[in-house]
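**Q** Residue numbers (our numbering), protein chains in the order written: chain W, 1 to 256; chain V, 257 to 640.
Note that these hints are calculated values from the structure, not bench results. Using N, Cα and C, we set each Cβ at its ideal position, and we do this for glycine too. Some hints could be false.
Unchecked claim - So the derived list for chain W, only partly shown, Cβ under 8 Å to chain V, looks like this:
| no. | residue |
| --- | --- |
| 1 | T81 |
| 2 | A86 |
| 3 | F103 |
| 4 | E104 |
| 5 | V122 |
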Amino acid sequence: MTPIERDKIEAKDTVLYVDGVSVSFDGFKALNNLSLYVVAGELRAIIGPNGAGKTTMMDVVTGKTRPDEGLVFFQGDIDLTKLDEARIANLGIGRKFQKPTVFETQTVFENLELSLAGRRGVLESLFFKLSAEQGDRIDEMLDRIALAAQRDHLAGSLSHGQKQWLEIGMLLMQEPDVLLVDEPVAGMTDAETEQTAALLREIAGAHSVVVVEHDMEFVRALECRVTVLHEGSVLAEGSLEAVQNDQRVIEVYLGR
Amino acid sequence: MTHGKSHFLLGDRGGLVLLASLAVLAVGVPALNLGLGPESALHVPDYMVGLLGKYLCFALLALALDLVWGYAGILSLGHGAFFALGGYAMGMHLMREIGDRGVYGNPDLPDFMVFLNWQELPWYWHGFDNFGFAMLMVVLVPGVLAFVFGWFAFRSRVTGVYLSIITQAMTFALMLAFFRNDMGFGGNNGLTDFKDILGHDLQDPATRAVLFSLSAAAVGAAFVIGRFITASRLGRVLVAIRDAEGRARFLGYRVEYYKLFAWTVSAMMAGVAGALYVPQVGIINPGEFAPPGSIEIVIWVAVGGRGTLYGAVLGAVLVNYAKTYFTGALPELWLFMLGGLFIATTLFLPKGIVGALPMMTDPERGQWRKALAVFRNVGKRKAS
Ligand SMILES: Nc1ncnc2c1ncn2[C@@H]1O[C@H](COP(=O)(O)OP(=O)(O)OP(=O)(O)O)[C@@H](O)[C@H]1O
Ligand SMILES: [Mg+2]
């Protein structure tokens, strides 16, 4: 047993285990020996300058991009590098895109309905009937993401911030163990940003949540451990206070 | 908008109008054709029955295309291939039914094979003397081709323009293959000189009236199936894939299987359309595989309106009616008109004709009402 494999098995409450991952695009290293460990129920913020590899890290975890090297394990022994996006999503990893992406020609309710946890087979979808209990769950979610009034509006008609919330609601309907949330407050007002931080704090605990964000006020409001990425690897990790006072972090942010 | 409570058929006004119209046609046209003498003003002449039957086959083909293009966002430029394959399967049966009544009087071989000096029937012609087998092939051959094609294309995640191009390449390759005499499908000339179907003379107005009614019934059935699919959660997943494929994938949907399902069902419907077309027009030849034909189908759907199914039917009938009229009146101009129609639709009616009909489009209904109200108020103010 290699030391890494031993770690992996011992760290039972590590839900997401990313170790020594490298990804290159045409010779350019987007991720360079990146390691990240997320434990159950944790809320984690990831910051870093543009191009640091934050989105690419999510691509690797969700099966969109295959790493050239490194290990990506979920719940101890599930090797995510061998699975495709749909399989990984069904195992319990939800993802919000950097650019909010909802099904614009369908209603808010339908967007949530499509995201309901459950079987995703073609024939199951053909004969699917929404149960009263499922309908109630959707309505609860509508309240939670403050879109009850927009229930039957087309998702395309929502404001940018509302789309972000809808997409977070869609993730939650999947009942994932891990939520990867890429830049959730882009385009939001200060009040909305605050509400989003509260929502994510509330979600954590029952789920592990990894949030990528540039907005430092928002990251502060998350009150959680922060990982700083730079040029594809972890530059620093710790409380926001600690990383903000880290000399290398200051250089990276000021030296740009 | 109520949710999930409206019936998949009864909740669709445009669809009900379509089904009612089809029922009226299916009964009315044969009755006015067979029941009234030519001297009556309401008499539907024989040629008109054939012409309308042809339109209905095109309508079915357009509906099939709308299922994949309008809902799943797969722009096929090769649906003519599935139509032609269904047509050939039917044509092969009709050839076998000629028996020894061909020019050469050969009871075992179709005329074109005798002409090519073939001694025996190729293996893939066996079974086609049986009507049931041939009907099975009408759906299976296009279905299997679509399944195999889609399996590779969708799993390799070929989308957009690239997918459209390979569908076009598919129909083009089939056209070249079917042009060859040694393929055993009659080459250039295709299959023709059919005599009867299930013992009924194909020239007999009664046979032709039945074929017409069957075509109307097939459009109706395909609509009900298509509507059942698109009104289900599966249909909403298709639309989700059309609008944001990545989002659907990361929600856990196996996008390729959903596309494959719609694609294969659509190809089978196109095959049925071809099979109904062939006995009514009396011939199937490789020209049906020609790429421009497949592009025309896209225009029918665009003109009628994507993503409603009945819009595709309306578009196919209207454009083909215009084609019949103008290829008679101004033959040189038709292609320009068709191109112009497509451009005009794209620019001014992105949702096609049905998208412009206020009572048809549900979500926009309010918008139209509002616009009309504003218009009326302006009028009133002017008047006062
Ligand atoms: N598919 C790809 N092909 C080529 N280069 C890519 C690809 N995906 C990402 N990159 C590059 O990898 C680097 C990391 O990109 P990534 O999107 O992960 O950064 P990020 O940290 O999310 O940045 P931002 O804050 O701007 O969202 C960038 O230089 C980007 O251009
Ligand atoms: Mg990014």
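**Q** Can you verify the interface hint for F103(W): is its Cβ closer than 8 Å to any Cβ in chain V?
**A** Interface hint status for F103(W): holds (5 Å vs cutoff 8 Å).
**Q** Would you check whether E104(W) satisfies its interface hint, that is, whether its CB is within less than 8 Å of any CB in chain V?
**A** 6 Å, holds
**Q** Given A86(W) as an interface hint, is its Cβ closer than 8 Å to any Cβ of chain V?
**A** A86(W) check passes; min Cβ-Cβ to chain V is 5 Å, inside 8 Å.
**Q** Using 8 Å as the Cβ threshold, decide whether T81(W) counts as touching chain V.
**A** For T81(W), the interface hint is violated, since the closest Cβ of chain V sits about 17 Å away, which is over 8 Å.
**Q** Close enough to count: is the Cβ of V122(W) nearer than 8 Å to one in chain V?
**A** V122(W) check passes; min Cβ-Cβ to chain V is 5 Å, inside 8 Å.
The structure fails hint 1 only (numbered hints given earlier).
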